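Protein chains in written order, with numbering that gives the first Met the number 0: chain U, 0 to 388; chain A, 0 to 388.
It is worth saying that the hints were derived from the structure and are not from the lab. Predicted model only: the values in this text are computed from it and were never measured. Built from N, CA and C at the ideal position, the CB exists for glycine as well. Among the hints, erroneous ones may be present.
Restricting the straight-line Cα-Cα distance to at most 20 Å, the calculated cross-link-like pairs of lysine to any residue (SDA-like) are [as the list claims (entries may be wrong)]:
1. Lys293(U) <-> Glu332(U)
2. Lys15(U) <-> Phe5(A)
3. Lys343(A) <-> Tyr185(A)
4. Lys68(U) <-> Lys78(U)
5. Lys293(U) <-> Ile373(U)
6. Lys221(U) <-> Asp346(A)
7. Lys77(A) <-> Lys123(A)
8. Lys27(A) <-> His298(U)
9. Lys235(A) <-> Asn1(U)
10. Lys235(U) <-> His208(A)
11. Lys127(A) <-> Leu157(A)
12. Lys26(A) <-> Glu4(U)
13. Lys27(U) <-> Glu165(A)
14. Lys232(U) <-> His208(A)
15. Lys15(A) <-> Asn1(U)
16. Lys235(A) <-> Asn364(U)
17. Lys27(U) <-> Phe3(A)
18. Lys27(A) <-> Arg6(U)
19. Lys123(U) <-> Thr368(U)
20. Lys42(U) <-> Phe61(U)
21. Lys293(A) <-> Asp346(A)
22. Lys27(U) <-> Pro8(A)
23. Lys27(A) <-> Lys42(U)
24. Lys221(A) <-> Trp311(U)
25. Lys293(U) <-> Leu325(U)
Have a look at the derived ranges for each label pair, beta carbon to beta carbon [to be verified]:
26. Ser48(U) <-> Lys78(A): 57 to 65 Å
27. Pro8(A) <-> Asn301(U): 46 to 54 Å
28. Gly114(U) <-> Ala184(A): 55 to 63 Å
29. Ser48(U) <-> Asn301(A): 48 to 56 Å
30. Asp312(U) <-> Asn301(A): 41 to 49 Å
31. Lys228(U) <-> Pro8(A): 44 to 52 Å
32. Asn1(A) <-> Thr29(U): 23 to 31 Å
33. Asn1(A) <-> Ser48(U): 42 to 50 Å
Here is what each chain is made of, one letter per residue.
Number of protein chains: 2
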Amino acid sequence: MNNFEFRNPTRIIFGKGTENNIGREIKKYTNRILLCYGGGSIKKSGLYSRVVTSLKENNIEFIELSGIKPNPRLNLVKKGIDLCRQNDINFVMSVGGGSAADTAKAIAVGVPYNGDVWDFYIGKVKVKEALPIAVILTLPATGTESSNSSVITNEDGLYKKGLNSELIRPTFSIMNPELTYTLPAYQTSCGISDIMAHTMERYFTNVDHVDLTDRLCEATLKTVINNAKILIKHPKNYDARAEIMWSGTIAHNGLLNTGRIGDWGSHKIEHELSAIYDIAHGAGLSIVFPAWMKYVYKHNVNLFVQFAVRVWDVDLSFSSYENIALEGISRLEQFFKKIGLPTKLSDANIDDNRFEEMANKCTENNTKTVGQFIKLGKEDIINILTLAR
Amino acid sequence: MNNFEFRNPTRIIFGKGTENNIGREIKKYTNRILLCYGGGSIKKSGLYSRVVTSLKENNIEFIELSGIKPNPRLNLVKKGIDLCRQNDINFVMSVGGGSAADTAKAIAVGVPYNGDVWDFYIGKVKVKEALPIAVILTLPATGTESSNSSVITNEDGLYKKGLNSELIRPTFSIMNPELTYTLPAYQTSCGISDIMAHTMERYFTNVDHVDLTDRLCEATLKTVINNAKILIKHPKNYDARAEIMWSGTIAHNGLLNTGRIGDWGSHKIEHELSAIYDIAHGAGLSIVFPAWMKYVYKHNVNLFVQFAVRVWDVDLSFSSYENIALEGISRLEQFFKKIGLPTKLSDANIDDNRFEEMANKCTENNTKTVGQFIKLGKEDIINILTLAR
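One chain only, chain U, in its complex shape (with noise of 0.2 Å):
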């Protein structure tokens, strides 16, 4: 195991009903917020109108910026800045999924800096300063509501890219999973898809004797597959939702990757791929990730066999460990098929046309390496993406 610090400091307040209580958690803090949303989807539910009644109840006055689509994109990250700036707004709410979150964070720290926001997500310079963040979550997937990271695209070129500090992780989130129950049955599976991807992200590591964390991973995955079967059939099962809202923050909170190192190359991989096609970032991953494992799983058959047998009840005794290794990658294939992700590029209309736009991209023209299970350079990811084919 490895040394390591952890902190994570964001208050959750977590289940039914939590939402209508904003305006006396904001009050706590501050009485004057940037509210980011998307649209139509908590308008349509009431969510908007119930979160508005209870900003307004607790004089909390608020400035909107709107709009914020899946892969959030840079413009209205300025926008979200400048407003901010206008009107001395000093705290920065989301509602709605990882985008709007995401995007909550981007102006958190674009606000006290006085260059351009975009550094901070190309490495240039290091978060000094952000303003608080507060989050009411509507999508389990990202894990942003208590993450360190914030993941927006720079239409520019598209490019996505991620910025990582101690500093945008929430003041506190609020998550209700009965929030969850409208969404549609593709989007809950992307959210799955990308709950499990965290958590096998940090799984497929290359340090020696990580039991806990090895174990913690599996209790999260087994709970989300077997919740998410519950789904398929019974979309309102508040219990199941709740598994899978609380599961997605577990997998993305830090806690995973104490003493370990993740790997990360698949989402990288799938960065590039989402930011060309605009594919659902969970639905990239069900697509790269079982390529990525058939690609590396030889690196350390006995971890992937662990993963087999604790994770997919692959009988031990069934074959060679090759073989169990491979069952688990193909099991894994098989659940996001069962609840209805892609699994190839062709399921998803993608050709091989721009894997080599894409691995330039991704390696900085072949001058670095993605991942730390295995190093990747261009070639690697050319190999995987024509395994994804």
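Please build the complex by placing chain A on the supplied structure of chain U, with the hints as guidance.
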């Protein structure tokens, strides 16, 4: 799953050599501290001198409170409060196990309070303010390094009482598994029993559908069990020490309790045992917990079957559900024996003369119950102690 709030802001600094940075870490907050510790062992091991060197190098003044013993006493807490007040100290640090840290926590709430600090422990007043606390942990057991609790014994009548408050979570805790190499095997085992008990107190709940936390509890228990077996033969195995140390934190940082209601009956009964007989808390728990299980398992046989199958690998098809449940309890007992702990009162030379006295104290003369899984009255406690004879 129940609604919940969860926040744990303690910064964990984990791994080899981390205690050598204590001065630098303290300096971020203050330049004057109360330094709380037991006595001999940290001096013998050289830890005391390394800590003092680091404090001096960073110009941290410190006043010492030494002589803290297991089942830490109220009189020393009061001495610590006086020392802080006399020396204008506003930061309390412990070096040692749970007793040193729990003493530091009691001092931290006592200094800003005008009344008797014991008021907090008997629930007469609520904590509104506390000094910041830092911990260097040398014994994985109580989880106090990031928990919201402190347990103190009032020698006037031998009452042992626990205080819970979000304000007594340490600001930071330094955890170096190497510091636990020299623990006597028995003390290591008592810690293991305590860690397992913290997990099991949360595991046995009446709240339905708590999959994720069930599995996180099971992950923690399996990790502790497997690594405890390594330590029997290899007490200086770093990774096994690290797994158990980190498990000790996870078991009691609040995560495993999210969405569910823990029991805590066995802890309450054990507090009576150790208050009277001064038995190690972990040894008291290894006696009380199996007896409690035998007394209550019929209340939810399925949950005990899950415990047997998932934690102890009992074959699900091997017998009737009741027998599987009992086999799980039996394996827990066997495990405790294997690591050198008592599982019967007679193993610890405790007779049945004071059962009624303990049951009376525990239930305040049968005016209240203890535990949540089944609410236990005076007679129940006598029955459990009788099963533990």
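Evaluated hints:
no. : hint                                : in the structure
1   : Lys293(U) <-> Glu332(U)             : 11 Å, holds
2   : Lys15(U) <-> Phe5(A)                : 15 Å, holds
3   : Lys343(A) <-> Tyr185(A)             : 16 Å, holds
4   : Lys68(U) <-> Lys78(U)               : 14 Å, holds
5   : Lys293(U) <-> Ile373(U)             : 12 Å, holds
6   : Lys221(U) <-> Asp346(A)             : 40 Å, violated
7   : Lys77(A) <-> Lys123(A)              : 17 Å, holds
8   : Lys27(A) <-> His298(U)              : 43 Å, violated
9   : Lys235(A) <-> Asn1(U)               : 16 Å, holds
10  : Lys235(U) <-> His208(A)             : 15 Å, holds
11  : Lys127(A) <-> Leu157(A)             : 27 Å, violated
12  : Lys26(A) <-> Glu4(U)                : 18 Å, holds
13  : Lys27(U) <-> Glu165(A)              : 17 Å, holds
14  : Lys232(U) <-> His208(A)             : 17 Å, holds
15  : Lys15(A) <-> Asn1(U)                : 9 Å, holds
16  : Lys235(A) <-> Asn364(U)             : 47 Å, violated
17  : Lys27(U) <-> Phe3(A)                : 19 Å, holds
18  : Lys27(A) <-> Arg6(U)                : 16 Å, holds
19  : Lys123(U) <-> Thr368(U)             : 18 Å, holds
20  : Lys42(U) <-> Phe61(U)               : 16 Å, holds
21  : Lys293(A) <-> Asp346(A)             : 18 Å, holds
22  : Lys27(U) <-> Pro8(A)                : 18 Å, holds
23  : Lys27(A) <-> Lys42(U)               : 46 Å, violated
24  : Lys221(A) <-> Trp311(U)             : 18 Å, holds
25  : Lys293(U) <-> Leu325(U)             : 8 Å, holds
26  : Ser48(U) <-> Lys78(A): 57 to 65 Å   : 58 Å, holds
27  : Pro8(A) <-> Asn301(U): 46 to 54 Å   : 37 Å, violated
28  : Gly114(U) <-> Ala184(A): 55 to 63 Å : 58 Å, holds
29  : Ser48(U) <-> Asn301(A): 48 to 56 Å  : 43 Å, violated
30  : Asp312(U) <-> Asn301(A): 41 to 49 Å : 20 Å, violated
31  : Lys228(U) <-> Pro8(A): 44 to 52 Å   : 36 Å, violated
32  : Asn1(A) <-> Thr29(U): 23 to 31 Å    : 29 Å, holds
33  : Asn1(A) <-> Ser48(U): 42 to 50 Å    : 27 Å, violated
Checked against the numbered hints given earlier, this structure breaks hints 6, 8, 11, 16, 23, 27, 29, 30, 31, 33; the rest are met.
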